[in-house]
Amino acid sequence: MTKITIIGSEKSGKTTLAGKLGKKGSVADITMYDFAKSERVLTTIDATGYPASTKALVTALNLSDIALLCVPPEGLDTMAAECIIALDLIGYRHGIVVLTKSDLSYPLALEELKEKLQRITKGTALENWDYHNVSTTTFEGMEELKEIIFTLDEKVEAEQRKQDDLPPRVIVDQSFNVTGIGCVVLGVVSQGTINAKDKMVAYPVKKDLEIRSIQMHDVDVKSAPTGARVGLALKSIQSKDIDRGFVISNEEIVATDLVLECTLSQLAKEFEVGDMLHLFAGLQSSPVKVMNIIQDGGNAEKAKPGKKYLVQLSGSKEIAYSKDDRFILTNLDEKQRFVAFGYSQ
1 MTKITIIGSE KSGKTTLAGK LGKKGSVADI TMYDFAKSER VLTTIDATGY
51 PASTKALVTA LNLSDIALLC VPPEGLDTMA AECIIALDLI GYRHGIVVLT
101 KSDLSYPLAL EELKEKLQRI TKGTALENWD YHNVSTTTFE GMEELKEIIF
151 TLDEKVEAEQ RKQDDLPPRV IVDQSFNVTG IGCVVLGVVS QGTINAKDKM
201 VAYPVKKDLE IRSIQMHDVD VKSAPTGARV GLALKSIQSK DIDRGFVISN
251 EEIVATDLVL ECTLSQLAKE FEVGDMLHLF AGLQSSPVKV MNIIQDGGNA
301 EKAKPGKKYL VQLSGSKEIA YSKDDRFILT NLDEKQRFVA FGYSQ
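Quick note on numbering: the UniProt record's numbering labels position 295 of the sequence shown as 295, and the sequence is numbered without any gaps.
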């Protein structure tokens, strides 16, 4: 199953493009589109709540494996530039830069735009991404784009199969009650393999549960591997006890306060002790206060762009995470809001 997110410039035609990649489904701060043909299944996520909310962008990226960064002939705007910074801080592995509205430009101009974007993204997670031209009017290039997506997904699939034997984790993005069934959640198996009748725990609330049944694309299955988008019917827990961002696994660390080894973006604004930031861990988020900044073993008053620090943070809600999870810090008061990535110490 191929899961992509479509982001980029505000006037790039990305939402129109998403509509051509599948049938519109659930709508919230993200909108999902589904496409199925033969054995190929494609879920496209449009971060419709972005740029008003950074949470919509982070959610879309965490629920997908491939990103399409859409850029029109006019080039990058503030929104697309922030997307590039977010992709780099997340360390996003797979994606395509889609030059949209290609029918409104000329081949030479499109080549110049591609070269400019390659210079901008050099040294970032996007450095080796493919480029593809698509018209959002005639949709010339759409079928070729789908083929590129499915080819890239073969690489994703190979990577995911190597994670099937890891301890299982499911990242929840929706939870609701179904009459006669009880609590049902939708989410993605981020690692490992889950099975019907598995006994697991919902974090950070630490509630025991049992997976009653598993569905993939409305088909009952006995198990689901890494990367699968699943619907789970759960026993021993109510829908009100589980929310977006919760992690279903067998062992998580749960904390409100964290010490992160952080690397700041070169394009971030500095922050200092006492500042309020916003922390993301997968689909979870929490306001955090900067309590201390340490550099080379000594206290520092400020954290500056492009530098590494140990940052002590005090949060207001419990966050569930594993030791290898990558945290993202944002400053919602700045124009460019993505600040840093870090790992728990």
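In case anyone wonders, no lab produced these hints; they're calculated from the structure.
Be careful, since some hints might not be right.
[To be verified] In silico lysine to aspartate or glutamate, EDC-like type, Cα no more than 16 Å apart, as pairs:
{"hint": "1", "residue 1": "K116", "residue 2": "E74"}
{"hint": "2", "residue 1": "K235", "residue 2": "D208"}
{"hint": "3", "residue 1": "K289", "residue 2": "E318"}
{"hint": "4", "residue 1": "K323", "residue 2": "D257"}
{"hint": "5", "residue 1": "K116", "residue 2": "D130"}
{"hint": "6", "residue 1": "K222", "residue 2": "E210"}
{"hint": "7", "residue 1": "K207", "residue 2": "E334"}
{"hint": "8", "residue 1": "K11", "residue 2": "D77"}
{"hint": "9", "residue 1": "K23", "residue 2": "D34"}
{"hint": "10", "residue 1": "K11", "residue 2": "D103"}
{"hint": "11", "residue 1": "K37", "residue 2": "E147"}
{"hint": "12", "residue 1": "K304", "residue 2": "E334"}
{"hint": "13", "residue 1": "K206", "residue 2": "E252"}
{"hint": "14", "residue 1": "K114", "residue 2": "E74"}
{"hint": "15", "residue 1": "K323", "residue 2": "E251"}
{"hint": "16", "residue 1": "K24", "residue 2": "E10"}
{"hint": "17", "residue 1": "K289", "residue 2": "E251"}
{"hint": "18", "residue 1": "K20", "residue 2": "D130"}
{"hint": "19", "residue 1": "K206", "residue 2": "E261"}
{"hint": "20", "residue 1": "K302", "residue 2": "E270"}
{"hint": "21", "residue 1": "K20", "residue 2": "D34"}
{"hint": "22", "residue 1": "K307", "residue 2": "D241"}
{"hint": "23", "residue 1": "K207", "residue 2": "D241"}
{"hint": "24", "residue 1": "K199", "residue 2": "E252"}
task = Determine which of the earlier numbered hints do not hold for this structure and return their numbers in increasing order.
result = Hint check: 7, 16, 17, 18, 19, 22 fail, others pass.
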